[in-house]
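Engineer: Here are the chains, one letter per residue:
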Amino acid sequence: MSDILTDGKAITDGLSVLEARRSTAETFGIPLAVLAELTHRCPLQCPYCSNPLELDRGGTELTTEEWKKVLTELAEIGVLQIHFSGGEPTARKDLLELVQHASDVGLYSNLITSAVLLTREKLSALADAGLSHVQISFQGNEPGVADRVAGLKNAHQKKLEVAKWTRELELPLTVNAVMHRQNLHQLSDIIQMAVDLDADRLEVANVQYYGWALKNRAALMPTMAQIEETSRIVEEAEVRLKGILAIDYVVPDYYALRPKKCMGGWGRQFFNISPAGKILPCHAAESITGLEFLSVRSNHSIAWIWQNSEAFNRYRGTGWMPEPCQSCEFKEIDFGGCRCQAFALTGDAGNTDPACTLSPMHEQIFKQAEQEAASDHNRFLYRNFAGGTLETEGEHGA
Amino acid sequence: MAASRNISVSEASRPKLPRHAKLKFDETRQVWVILAPERVLAPDEIAVEVLHLCDGVRSVSDMVDQLAAKYAAPREAIATDVVAMLQDLADKGFLTEAREKTP
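If you read the protein sequences in the order shown, they are chains S and G.
If you read the first sequence in our numbering, its first letter stands for residue 1, the second for the next number, and so on.
If you read the second sequence in our numbering, its first letter stands for residue 1, the second for the next number, and so on.
Think of the hints as simulated: they come from the structure by calculation, not from any bench.
Treat the hints with caution; some may be incorrect.
Stated by the list, open to error - Computed, partial: chain S to chain G, Cβ under 7 Å:
1) L32
2) G78
3) H133
4) P172
Where a beta carbon is used, it is the ideal one built from N, C-alpha and C, also for glycine.
For reference, chain S alone in the conformation it holds in the complex:
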């Protein structure tokens, strides 16, 4: 017994432990965590929103009873954590009921929110219903940049307030900072803000360019110099803040040498559910045309859709890969990168992700990124249900 107890690894990172228990390749265990996009409605209009360009309208959203049935089914098939996201999940009037239901069926619930619609009472009620973690997005470290990016006045101030309540209620807090050319100069201050807010984790996520962000790429793409500075700042902060603030850093694809292991590999360890109930391998998957994604409203179970549907199996594993992926020694490390990005940039989701230096298109997108980063195109196309609204001339400072 003492051997086990003195072993520093007595408690290990269960994700890897549980992953390792799965038999390889042919069978895919049910993911440990699932993202539930309750709605695409949102008071913010961030130009890099990860929702698809074609947003699900309010009338198509799953009903309260449908979501509760989904949560019950997820728990039954072995999902352990649910991330309530959106759009803005607190725009759903039934969020409290859904969080309570998640608790009742044994799901651990996280809230991924812009925070601007929350009151202290609402947050407190959610905590009492079993909410266990709050993740708040920040668009900058002060209202000038932050409110402009969010496209909503006073948003930043409200977020600070909600972050404070979150910690007062003793809920763990993650600050989610999406970074791009027009706010990267605030990174050091954002890190300090996360410390001051007593956050447990900070996600420094460079924008990923699909959907809305792809439309806004020229206004968002950082310069190579900014990226180098960013890496330096993050590395320094990780050392300095060890034990105080955990930092997750997502590097920007276009300047990478190897593509990211997107979603841990298509259909391997993650799915999300869209507001209208579609089961998707990632939140941008609907941008790939020609794939049919089944809904929880179909006559198939969620487990069946995960294991058997054509869309999930299409890019699973390595068998689908073309060259240069097929003979690449990294093919089971990055799984060929991101299908949505391959589709967006090459027109075929089955191609190598151009973020990879081995892609014939890599050089081209790298050059394009550099050109766009050097441009003075700073106006945003704000995300909304009307297909986007271009920022008014003169509001973008520079």
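Chain S is fixed; fit chain G onto it per the hints.
Structural biologist: Quick look at chain G alone, frame taken from chain S:
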């Protein structure tokens, strides 16, 4: 704030899991897990046994007595191991100290 973090575990501590760390048996995978923000941890058998004793009432000293009796092992060795394990969990934010609720 941050009251639930950075605790120092001693034999006098009365540890418990904070509200955001949940110990649960995963029926699908047939393992005990600790659910925490963005993480699922798989504690080993012994850790699970100790964690079940962390009810915010029992002191670490009591736990050690109980375990030493059960496994007929030297108390001192058990104490060292249990404190180290609990401190590791506390450092990761999965263990807190029982205390009076402040308004």
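Engineer: I'd like to know which numbered hints this structure contradicts. Please list them from smallest to largest.
Structural biologist: Of the numbered hints given earlier, the structure breaks none, since each of them holds.
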